[in-house]
Amino acid sequence: MTMSNYQRRTKDQLAARVAQDIFDGAVVNLGIGQPTLVANHLPAGREVILHSENGILGMGPAPAAGQEDYDLINAGKQPVTLLPGGAYFHHADSFAMMRGGHLDICVLGAFQVSATGDLANWSTGEEGAIPAVGGAMDLAIGARQTWVMMDLLTKKGESKIVAQCTYPLTGIGCVKRVYSDLATIECTPAGLKLIDKVEGLAHAELEKLVGLPIAA
Amino acid sequence: MINKIARSVADAMSGIPDGATVLIGGFGTAGIPNELIDGLIEQGAKGLTVVNNNAGNGDTGLAALLKAGRVRKIICSFPRQADSYVFDELYRSGKLELELVPQGNLAERIRAAGAGVGAFFCPTGYGTQLAGERETRIIEGKQYVLEYPIRGDVALIKAEQGDRWGNLTYRKAARNFGPVMAMASERTIATVHEIVELGEMDPETIVTPGIFVSNIVKIDRVATQAGGFKKAA
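Residue numbers (the working numbering), protein chains in the order written: chain A, 1 to 216; chain B, 1 to 233.
Bound conformation, chain A alone:
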């Protein structure tokens, strides 16, 4: 392996990088897990409305200890709060907000993303594993923009951006951008396009890690 002088974005740096691209006034759904960190990094002065698929718009941060209300939880089933202006609605309306094109951005985790934006994030297809999909498929194809937030490489060093997903698909051609610990990359019908990368990582080296051409 070539010795390179670059550092991976930490989880918080990655969350801050995603947050930087969320525009003022956006309605956003942050997926369970790492994407929820994005809420902590929204730049001051930007008003963003968070959607939770279990029927909340205007979701606020976790309540103080002792103030939990188990009728007010997020999609990850953790207690949350409601901001002034927030609203509750039923499940069919909540998913109509996605499918109907009313949700500006969703940020999801992924196992694999293809160069043209196919997403695999609900199942590794492992024999005997119990499948569970939740709202992943609805979000992936429903939001106006679906962004993925993930490490670029697996623990074994294989690229999670691939020519074609080998894991079961969540949606076809639905991912617009991948925000990773090493680079921010756009998925287009013509393939990958670089948005930015960490300092000290050469373009050729990034392409080698991914194993696919990335337009500059």
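Keep in mind that the hints were calculated from the coordinates and are not lab data. A few of these clues could be false.
As the list claims (entries may be wrong) - Capping the alpha-carbon separation at 25 Å, the derived lysine-lysine pairs in PhoX-like fashion look like this:
#1 A:K208 - A:K155
#2 A:K77 - A:K156
#3 A:K176 - B:K142
#4 B:K73 - B:K46
#5 A:K176 - A:K193
#6 A:K77 - B:K46
Dock chain B against chain A, hints included.
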């Protein structure tokens, strides 16, 4: 006189037949009609098809119904959780059939049943395993899969306030599947924490009009404040 107020859970649950399709509301700790699920276990109907977002947690509620061997099939979006061991065991041993449905399709298929829609084309799941062999169509350049309604014989839901006509309001995110499940079933039984006189509920804020509700049962708030379990996976 119309009076949908049932004297007890047992009264409300009477007559649910073996083999019924039962829609059960709730998401995480919010909106689970635990007392009605316990009532269904007591009542004894078996060979049930259950529709819920999840497949039970721990040993109580839906998990207890599964454990009692009353359920033949479950239709849900997210069965696998840290404490879904009752479901896991039954599923792995082939004693329980699973139909996995994306969460929004689950809600919309239930809504469709309530709205008298025969089937609808939905983009969610197109090109994935979960679209199965169902018909697909391209409409204005976009790909869709044909989805069929999910109709219930009975819906068990948890609401907040109700009156003798069956009008309901909900509390916060406990609303979730309640309104669509109430529409989609032959018979809908709702728990409420408060029963008020006709006219006391603000007609502008009634979420489920009584036309969709068969029976309401008052349940002490204290018993269900945390939804029966504090922490869900």
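How the hints compare with the structure:
| no. | hint | in the structure |
| --- | --- | --- |
| 1 | A:K208 - A:K155 | 17 Å, holds |
| 2 | A:K77 - A:K156 | 31 Å, violated |
| 3 | A:K176 - B:K142 | 17 Å, holds |
| 4 | B:K73 - B:K46 | 11 Å, holds |
| 5 | A:K176 - A:K193 | 10 Å, holds |
| 6 | A:K77 - B:K46 | 30 Å, violated |
Of the numbered hints listed earlier, those contradicted by the structure are 2, 6.
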